[in-house]
Every structure is written in structure tokens, then in C-alpha cells.
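> Chains A and B, in that order, give the protein sequences.
For the first sequence, position 140 (counting from the first letter as 1) is numbered 140 according to the working numbering, and the numbering increases by one without interruption.
For the second sequence, position 113 (counting from the first letter as 1) is numbered 113 according to the working numbering, and the numbering increases by one without interruption.
Quick caveat, the hints were computed from the structure, so don't treat them as lab data.
Treat the hints loosely; a few may be bogus.
Which copy is meant is left open, because identical chains are indistinguishable; a pair holds if it fits in one copy or across any two.
With a cut-off of at most 25 angstroms between alpha-carbon atoms, the simulated SDA-like pairs for lysine to any residue come out as follows [unchecked claim]:
#	residue 1	residue 2
1	K158	S174
2	K225	Q181
3	K34	E202
4	K275	A128
5	K151	Y26
6	K87	A132
7	K225	Q244
8	K10	S201
9	K151	E206
10	K55	R299
11	K34	A132
12	K275	Q125
13	K34	T130
14	K247	G110
15	K33	V124
16	K55	E38
Number of protein chains: 2
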Amino acid sequence: MIDQLVSNIKKTQAPIVVGLDPMLNYIPQHVQKKAYEEYGETLRGAAEAIWQFNKAIVDATCDLIPAVKPQIAMYEQFGVEGVIAFKKTVDYCKGKGLVVIGDIKRGDIGSTSEAYAVGHLGTVQVGAMTYAGFDEDFATVNPYLGSDGVKPFIKVCKEHNRGIFVLVKTSNPSSGEFQDQVVDGRPLYELVGRKVDEWGSECVGECGYSAVGAVVGATYPEMGKILRDIMPKAYILVPGYGAQGGKGKDLVPFFNKDGLGAIVNSSRGIIAAYKQEAYAGFGEANYADASRQAVIDMREDIRSALS
Amino acid sequence: MIDQLVSNIKKTQAPIVVGLDPMLNYIPQHVQKKAYEEYGETLRGAAEAIWQFNKAIVDATCDLIPAVKPQIAMYEQFGVEGVIAFKKTVDYCKGKGLVVIGDIKRGDIGSTSEAYAVGHLGTVQVGAMTYAGFDEDFATVNPYLGSDGVKPFIKVCKEHNRGIFVLVKTSNPSSGEFQDQVVDGRPLYELVGRKVDEWGSECVGECGYSAVGAVVGATYPEMGKILRDIMPKAYILVPGYGAQGGKGKDLVPFFNKDGLGAIVNSSRGIIAAYKQEAYAGFGEANYADASRQAVIDMREDIRSALS
Numbered sequence: 001m002i003d004q005l006v007s008n009i010k011k012t013q014a015p016i017v018v019g020l021d022p023m024l025n026y027i028p029q030h031v032q033k034k035a036y037e038e039y040g041e042t043l044r045g046a047a048e049a050i051w052q053f054n055k056a057i058v059d060a061t062c063d064l065i066p067a068v069k070p071q072i073a074m075y076e077q078f079g080v081e082g083v084i085a086f087k088k089t090v091d092y093c094k095g096k097g098l099v100v101i102g103d104i105k106r107g108d109i110g111s112t113s114e115a116y117a118v119g120h121l122g123t124v125q126v127g128a129m130t131y132a133g134f135d136e137d138f139a140t141v142n143p144y145l146g147s148d149g150v151k152p153f154i155k156v157c158k159e160h161n162r163g164i165f166v167l168v169k170t171s172n173p174s175s176g177e178f179q180d181q182v183v184d185g186r187p188l189y190e191l192v193g194r195k196v197d198e199w200g201s202e203c204v205g206e207c208g209y210s211a212v213g214a215v216v217g218a219t220y221p222e223m224g225k226i227l228r229d230i231m232p233k234a235y236i237l238v239p240g241y242g243a244q245g246g247k248g249k250d251l252v253p254f255f256n257k258d259g260l261g262a263i264v265n266s267s268r269g270i271i272a273a274y275k276q277e278a279y280a281g282f283g284e285a286n287y288a289d290a291s292r293q294a295v296i297d298m299r300e301d302i303r304s305a306l307s
Numbered sequence: 001m002i003d004q005l006v007s008n009i010k011k012t013q014a015p016i017v018v019g020l021d022p023m024l025n026y027i028p029q030h031v032q033k034k035a036y037e038e039y040g041e042t043l044r045g046a047a048e049a050i051w052q053f054n055k056a057i058v059d060a061t062c063d064l065i066p067a068v069k070p071q072i073a074m075y076e077q078f079g080v081e082g083v084i085a086f087k088k089t090v091d092y093c094k095g096k097g098l099v100v101i102g103d104i105k106r107g108d109i110g111s112t113s114e115a116y117a118v119g120h121l122g123t124v125q126v127g128a129m130t131y132a133g134f135d136e137d138f139a140t141v142n143p144y145l146g147s148d149g150v151k152p153f154i155k156v157c158k159e160h161n162r163g164i165f166v167l168v169k170t171s172n173p174s175s176g177e178f179q180d181q182v183v184d185g186r187p188l189y190e191l192v193g194r195k196v197d198e199w200g201s202e203c204v205g206e207c208g209y210s211a212v213g214a215v216v217g218a219t220y221p222e223m224g225k226i227l228r229d230i231m232p233k234a235y236i237l238v239p240g241y242g243a244q245g246g247k248g249k250d251l252v253p254f255f256n257k258d259g260l261g262a263i264v265n266s267s268r269g270i271i272a273a274y275k276q277e278a279y280a281g282f283g284e285a286n287y288a289d290a291s292r293q294a295v296i297d298m299r300e301d302i303r304s305a306l307s
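Just chain A, with the same shape it has in the complex (with noise of 0.2 angstroms):
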């Protein structure tokens, strides 16, 4: 799936990765309005205004991206009927072509991290059936277990060509807390870091990368440089991009000298651009075109700060 990836990013010439973390109020008044019409303003409701949000953009968006990064929890808020649009989500992509990369966060020991493993990336046996439950390409892992957390993942990544990004330093203000913290002379994301790379090396695809890859956040570039060096065939999954602060230029460390290795997210800088000043001229009813403008900017935006 890591040569998917490549190849999809390659095809594009677009490193980048929309997340669909929709809030409600991110999604339009008109399509909030017609799904409780629909089923009132109830959880389904609101799970079919994410939904109807999201197939929009997704269809404004497809021919140019690599790969979309839908938030489980935005979905989880809604309880079940979330959950149901998040796979909805999930299988749509999938069938426009993109990589799916389920921003899940998971992370337990032995069995139990299987069990999401096998949920997430894999295929459960029931009976003589098995069956795909969520059924994402890639998912994002908190390795805060250590490696009786992250192995499991990486066995179901293994039998069913899938991969996963395990949080290294990850975007937010307070993320130094523990991340930063010095062991042995040198910050714990580092460590992180060394261990993601010797997961990685039994997983290394066609195209030089390995399916263990790593988030490492826009807002540390510094930090970015050195875990770039750490981790040479960790593909980097960098948030933090547009709404949190980070910018083209902050990009560069993440990338290898071969224009490849990292993989940009912007959730609200693109899903909700219409509501930004620059793209206001679209109006509010067409806000998944705002969205199709908004990605050509970051990409033209990546694209420069890279050459």
C-alpha cells in the first residue's frame, strides 16, 4: 500500500492529504438543512450532513489528491450513526482511487491491538466467512505501549499489504510535554523515531519506502530535519499545515532529496475553506469548489517551497 501511496502522489504531483474531520459547523446551512429534513435533527441526521459534506468534496478533489484522512473521532462524536458514516466515508474514497488513511489513533497491547488492527486493516474470520470491518489502507498508531502495541499492527499490515503512521512528534502546543523529554542526552521522539525505523525495515516496498511510517508535526521543522535523518524510509505524515500554523517553507525538512518521503495534511485549511476570507467569493453553496481551490493553493504553495 506504501507503493500505492508513492505512485498516487507521484500521479498527482501532490503531496498532500485532505482531512475530512468534519464538525457540524463546518458543513453549510443547505446541506445541514436537507439531512434533517430528511431524518431530523437527530444522530442520523447529522451523520448524513457529514456524509453528503464529505462526498462533495471528495468529488471536487478526487482527480487532484493522493489520499483523504478522515478523523474517526469527528464520526465517533455522533455515536453509531457516525461510525456508519465514517465507513461510508472510508469506502467512497477508496472507490475514487484514493488512499484512505483512517486517523485513528489506536494503540493497546498483544490481542487487543490486533483486534483494532484487524478491524482497521485487516479481515476478521466469522465462521467460515471473513470480512473486512472498517477496511482503511493506512492508520495512525499511538505508540506510547511500545512495540507489543505497534507489532501487531504491523503483522496485519504485512499479511494484507496495508501500512500505518506511529505518532512521533506529533503537532500540538503541549505535545513537548512528554514527546521532548530528554532520555539518555537525546528528546524521547527520538527514540520513537529509532524504533519506528527498525520496525519499518522489514517492510520496505518497491518504491524504497517502508508501510511503518511516522506523524511528525509542521509546527517542528527543526525537529522534522532530524527525524527526517533518523528515519530515512519512514514515510512522514506532517499535520499541523495551514490552520495550526505551518507553513510551505516549514515543510522542506520533511522531505527526502528525491521530492519524496512526507505527506502534507490540511483538514479545516481545505474542508472548510469556503469560510475563509480568500475563498469567500465562492459562497457558501459552493463550498466543495472552494475546496478544489484550496487544494491547488497548498499544492502550488508545497511545490514552490520545494523547488
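Given the structure of chain A, go ahead and fit chain B onto it with the hints provided.
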């Protein structure tokens, strides 16, 4: 909710939480067969088997125990249908007066963590209406992303009288890989423990304990002793008893002198008791009775260790 948990523990005189972590291979053949006859060998069939299995165990043990801890990974492996069974289990257990600890190990940043918190512990607004998504009483939270990731949970806990257990020192063999790394002369888990104490200081209930608890594995009793002192007001959720190797005497350091302060989880040891030699006499047909006896034996093991 911490007051409710402590009240339930005092009433049952059993600091025990039953981990509802149903693997299909724990579920007796006759339960699976009935579910597959009704729904086929499908995800729905598997979810029905899980739900019927849980229900029988809850019915057989609910008068003896204060709380249950469904592990959401075991449900997510069956996709949306599994998540529906998770929600049914949560609702059923609450209806029986049990405190429900959602073992979800979520953790993200800012509005994303808040979305998880809203979905699992709070309510979400849809138009003029509000709904609870999954509606557990407590959730487990992963601290790797720092205060940004944990505080949104605490906010929702305050608003809705709920609680969390933050992963501090997990029970698995490789938990030390990152958690034991020495920072300023002390292991990282102690730093996390000090943050738990700080985060919880504003949420202390009438019982004297905080809505911000901690997860510390029974497999590390010496670390439990130190963490008990660092977080005097935190309830400690202790996994790792029984199948993972922790014994009654190992649990003593996790309790305060008031005989409170810890609640010990057992999953496999109780829900799959009928598979153990000690309970084989019950027979597969009477699996729930075997679980009841396993709860009684666990209670006695803890009582004798604490006396």
C-alpha cells in the same frame, strides 16, 4: 461519577471490574450457533454472539461487581456491527446499575480530543437537540500527546460528571520501552503520574478521589507503590491480574490505607472462566455460572491479600 464508582465498590465490597473483551473463541459454540442461525456467519451474526455472551455474563455477575470495562477494540474488529454491540453492552450494563468504563484508549489534540470526549462521555448538539453517542461513565485516555490531549476530556468530565483513567504504566512486557525511560533521574511514567495528580486536583469528588484516575498494571507492583504515593487522590485501574500474571498479593501496593483507591480488572479470567481447569466442572453450557464463581474467587483472593 467517581463517587458512584466508590459507592458501588463499598456496596459490593469488591474492587473488581469485569473486562468485557469478547473474542469469538471465548464464546461457547451453542451461543455462536444460535446467532449464526439467526443472522448467518456475518458481522451481524458475530456481533449478536458477542452481545448474547456479554448479556449472560452481566446477568450472572452484576450483583457482585461495581463496574464493567468493555474493550472497544474487541468490538471494532467486527466493524459497524461490532460497534453497535458495544453500545448495546454499555446501555445494558448501565441499566443494571454498573459503572461502565469504556476501555477506548483514545487521545488526540484539542477539538479532536474533545470530539472523542463528547462521543464517549458527553453529549453532542444536533440542531436544537442534544444526544449522547456512546455514553460510558469513564474512558481510558492515552497521554502521549500531552495536556492538550487530556484536558478536553477533563472539561467534558466536569460538565457531565464523568471520569477518565489515564494510561501511566501499562501491564504489558514492553511497556517500559518508552514509559520507563529515565527523565531527570526518574522514569517517564512518574512524570505522567505527577501530571495525573495535577490534572485531577480540580475534580476531587465527595469520596476524596478524583475524576482523573490512572491505569497502572498489576504486573508492576513496585512501580504501583511509588505511583500510589505520587497520585494519592487518583483511583488506579489495575489491569494484568490473572491471565497476564498478576496475583492477589501483587495488588496490595495499589490500594490506599482506607482500603480504597484501586479497582482491579480481570477479562479472560472471568469471561472465559469455563475454559479453565478450575471451572471446567460447570461445563460450556453454564459458562456464565463459571464466570460468577470466578468473580467470587477473585474477590476472596483480593480480600485475603488486603486483610
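> Each hint should be assessed against the structure and marked as holding or not.
Comparing the hints with the structure gives:
In this assembly of identical chains, the alpha carbons of K158 and S174 lie at most 25 angstroms apart only when taken from different copies (21 angstroms versus 34 angstroms within one copy). Within a single copy, K225 and Q181 get their C-alpha atoms as close as 18 angstroms, and across copies as close as 23 angstroms, so both meet the 25 angstroms cut-off. For the identical chains of this complex, K34 and E202 are neighbours neither inside a copy (49 angstroms) nor across copies (43 angstroms), given an alpha-carbon limit of 25 angstroms. When the C-alpha separation of K275 and A128 is checked against a cutoff of 25 angstroms, the pair qualifies only between copies, where the shortest distance is 23 angstroms, while the shortest distance within a copy is 50 angstroms.
When the C-alpha separation of K151 and Y26 is checked against a cutoff of 25 angstroms, the pair qualifies only between copies, where the shortest distance is 23 angstroms, while the shortest distance within a copy is 37 angstroms. Taking the shortest alpha-carbon separations for K87 and A132, both the intra-copy value of 11 angstroms and the inter-copy value of 20 angstroms come in at or below 25 angstroms. In this assembly of identical chains, the alpha carbons of K225 and Q244 lie at most 25 angstroms apart only when taken from the same copy (19 angstroms versus 40 angstroms across copies). Only within a single protomer do K10 and S201 lie at most 25 angstroms apart by alpha-carbon distance; the minimum there is 23 angstroms, versus 51 angstroms between protomers.
For a Cα distance limit of 25 angstroms, the shortest separation of K151 from E206 inside one copy, 21 angstroms, qualifies, whereas the shortest one across copies, 42 angstroms, does not. Proximity of K55 and R299 under a CA criterion of 25 angstroms is satisfied intra-copy only: 21 angstroms inside one chain copy versus 52 angstroms between copies. Proximity of K34 to A132 under the C-alpha cut-off of 25 angstroms is restricted to the inter-copy arrangement: shortest distance 23 angstroms between copies versus 31 angstroms within a copy. For the identical chains of this complex, K275 and Q125 are inter-copy neighbours only, at 21 angstroms across copies versus 45 angstroms inside a copy, given an alpha-carbon limit of 25 angstroms.
In the homo-oligomer, the alpha carbons of K34 and T130 lie at most 25 angstroms apart only across protomers (19 angstroms), although the nearest pairing inside one protomer, at 37 angstroms, exceeds that limit. In this assembly of identical chains, the alpha carbons of K247 and G110 lie at most 25 angstroms apart only when taken from different copies (20 angstroms versus 39 angstroms within one copy). Only between protomers do K33 and V124 lie at most 25 angstroms apart by alpha-carbon distance; the minimum there is 17 angstroms, versus 38 angstroms within a single protomer. Proximity of K55 to E38 under the C-alpha cut-off of 25 angstroms is restricted to the intra-copy arrangement: shortest distance 17 angstroms within a copy versus 34 angstroms between copies.
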